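Enquirer: Listed here are the chains, written in short residue letters.
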Amino acid sequence: MKTQDFRKNWWKIAGIMLLVWVIAGGLLFDVPQLPVLHETIRNIYFHVGMWFGMIFILFVGLVFSIRHLLRNDPSDDLKAYAAVQVGLFFGALGLLTGMVWAKFTWGSFWVNDPKLNGAVVGILTYLAYLVLRGSVDDREKKARLAAVYNVFAFVLFFIFIMIIPRLATASIHPGLDGNPALSTGDLAPEMRKVFFPAIAGWFIIAWWLYTILYRTMRIHWKIEELTENS
Amino acid sequence: MAYSGNFVYLCLIAGFYPNVMKTIVELNALLRKEMMLEWRRQSALGGVVLYLFSMVFLAYLAFDGRINTETWNALFWLILLFSAMNAIMKAFIQESERRHIFYYVMVSPATFINAKIIYNTGLLIGLAIAGFLVFTAFLGNPVQSFFLFFINLIAGMVGFSSILCLVSAIASRARNNFTLMAVLGFPLILPLLLVLIRVSGQTIYGTTFSAVAPGLITTLLLTAIAITLSNVLFPYIWKD
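Protein chains in written order, with the working numbering: chain H, 1 to 230; chain V, 1001 to 1240.
For the record, the hints were derived by calculation from the structure and aren't laboratory data.
Since the structure is predicted, the reported quantities are computational estimates derived from the model, not experimental observations.
Glycine included, C-beta positions come from ideal geometry on N, C-alpha and C.
Possibly wrong hints are sitting among the right ones.
Straight-line C-alpha distance at most 25 Å; calculated DSS-like pairs for lysine-lysine [unchecked claim]:
#	chain 1	residue 1	chain 2	residue 2
1	H	K142	H	K222
2	V	K1239	H	K142
3	H	K222	H	K141
4	V	K1022	V	K1033
5	V	K1239	H	K141
6	H	K12	H	K2
Pair ranges (Cβ atoms, derived) [claimed, not checked]:
#	chain 1	residue 1	chain 2	residue 2	range
7	V	I1093	H	P74	23 to 29 Å
8	V	I1024	H	K12	55 to 61 Å
9	H	K12	V	S1108	46 to 52 Å
10	H	K12	V	T1071	52 to 58 Å
11	H	H220	V	N1019	45 to 51 Å
12	H	F109	V	L1061	34 to 40 Å
Work out the full structure: start from the sequences and follow the hints.
Expert: So this is what it looks like as structure tokens:
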């Protein structure tokens, strides 16, 4: 590998190394033995990390949507679209890992809990975003409508996941008093050396996937433009 | 120094005051226009009321007239939600594209969306009261804290209209309107609906104001955010 290639791509290698560390360490290292949880506590490296990655990449999408509205640059909208798709992928992974964990901890894949329902609402919101994009033909109009919806949806969805769990009388999901993602500070010290790299690793993978998706979509877009004009 | 005082005063008159007056005049004209349109097209409103009535009657038949309190509550809000979606869907669709160009030269976009929200709030409150009466007639009235139930109902209708107006504007710009309205609207309205159903359930069994205050505050907060976002975002989609 050439030096400038390495300089450009070192963060991808770092991301892979981090995830190798997380998978090996997450499955092999000792974890505190807690009642009910037992070994399933290892899922925190994957489930929580993926959910963090989703929120991160959806936030990237929000930023590009706002930038599209301000500067009216079509590539910003394409970036937001790519980010939302990666966010949905990570959301699906987070949901699946959570469901497998729930089966072994709570005894069923799904329980009626405010935090779980909030997750589904989020997925539905962004699936609706895809449907909206699909039902408008004019490219400029599509970009503007999608950007407006993305901003509206992101803000309402995040108010929702911040407030509703606090209103609920009881939640079976870990993370007391509201947002489970923010209460990981009381994690056991021996788990932190895997948990923090896990978050960094999933962030990097999410960003990497997003850049790949954006570039392929951009190529498709160029091809479409060329074939339309010829 | 006296000059600067005058300057501030002049700024107030020249800048702020006429804008407020202009907004009030525009809002007034737009609301009158909405009412006039509604009056001329009574069949549209009639359709929504008939939809509401048919749904309640259908529920009455399906449940054989016997219904427990939780089901009453859930059914009431679901039927209200579907009726509200139907009512607000026509807010933007019934006006042609060309007329929007006319509005575009006449009024500011923020005033336009605010007028839509205010008018549809009034419409939904009327619809909710009608719905409540029809429900009482067919399925009984289990509500014990009537005043709080009513406050929650009105707050909910304000919230519905403030969230759904922007969604309706987006959906009217795309094709296959009703599906899109439902697909876009449901996930956004769901949080609000959950809070409303919870508070409404409390008021049915009888409760105090302090017990339902957090729910009501959440409703108001969501409404305020939706209205702010509508004002900020609507200017971007109303130009075609």
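Enquirer: State for each hint whether it applies.
Expert: Outcome of the hint check:
1. H:K142 x H:K222: holds, 17 Å
2. V:K1239 x H:K142: holds, 13 Å
3. H:K222 x H:K141: Distance ~18 Å between H:K222 and H:K141 Cα, so the pair holds.
4. V:K1022 x V:K1033: Cα-Cα ~16 Å, so holds.
5. V:K1239 x H:K141: Holds. V:K1239 to H:K141 sits at ~10 Å (cutoff 25 Å).
6. H:K12 x H:K2: holds, 15 Å
7. V:I1093 x H:P74: 23 to 29 Å: Once the Cβ atoms are compared, 27 Å apart, the range 23 to 29 Å for H:P74 and V:I1093 holds.
8. V:I1024 x H:K12: 55 to 61 Å: holds, 58 Å
9. H:K12 x V:S1108: 46 to 52 Å: Holds, at about 48 Å.
10. H:K12 x V:T1071: 52 to 58 Å: holds, 55 Å
11. H:H220 x V:N1019: 45 to 51 Å: holds, 46 Å
12. H:F109 x V:L1061: 34 to 40 Å: Roughly 35 Å apart at Cβ, these two residues keep to the hinted range, so it holds.
The structure is consistent with each of the numbered hints, conforming to all of them.
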